[in-house]
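Let the sequences and hints guide you as you build the complete structure.
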Amino acid sequence: GAKMTWLLIEAITGFSTGDDFGINGAHNIVSIKTHYPSSEGKQMAANEVVPRAILLLRHPLSAFPSYYNYLYEMENKLENHSTRAPLEAWISWRDANFDKEIENWRRFVEYWMDNYSPINRLVVSYEKIT
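Taking my numbering, the leading residue of the sequence shown gets 872, the next gets one more, and so forth.
Derived from the structure by calculation, the hints contain no laboratory data. Check the hints yourself; a few may be wrong.
[Said to hold, decoys possible] Only pairs whose alpha carbons sit at most 30 Å apart, straight line, appear in this in silico BS3-like list of lysine-lysine:
#1 999 to 971
#2 999 to 874
#3 971 to 904
#4 971 to 948
#5 874 to 971
#6 904 to 874
#7 948 to 874
#8 948 to 904
#9 904 to 999
Shown next as structure tokens:
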């Protein structure tokens, strides 16, 4: 989702994009991807410096299995987006982590809803653009 969104934004605007761990060497950035406030993200400048947000939001029904596939690939030193974890491994992880992950998802959504007013925030459903 992130790479596709970056390419789309760059194609439409002609400006570079970046993420919270590196701005891809550019200085005039039109968008910055972050997973903040989850542990996968890094806190960015206050919303006075970043005045508007596009929240690309994925439904937990899709996000959680995708996230586990990412973890599985990292743990097994596989290329990103190359493998689906075995079903048994996914079910075991899901059952052990569901409560924590749904709380993380809720806090993520609340952060962006609480810190950006509706006029400065655009919420886009990932499932509707894929």
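Each hint, compared with the structure:
| no. | hint | in the structure |
| --- | --- | --- |
| 1 | 999 to 971 | holds, 26 Å |
| 2 | 999 to 874 | holds, 16 Å |
| 3 | 971 to 904 | holds, 23 Å |
| 4 | 971 to 948 | holds, 25 Å |
| 5 | 874 to 971 | holds, 26 Å |
| 6 | 904 to 874 | holds, 10 Å |
| 7 | 948 to 874 | holds, 20 Å |
| 8 | 948 to 904 | holds, 24 Å |
| 9 | 904 to 999 | holds, 19 Å |
When the structure is compared with the earlier hints, no violation turns up for any of them.
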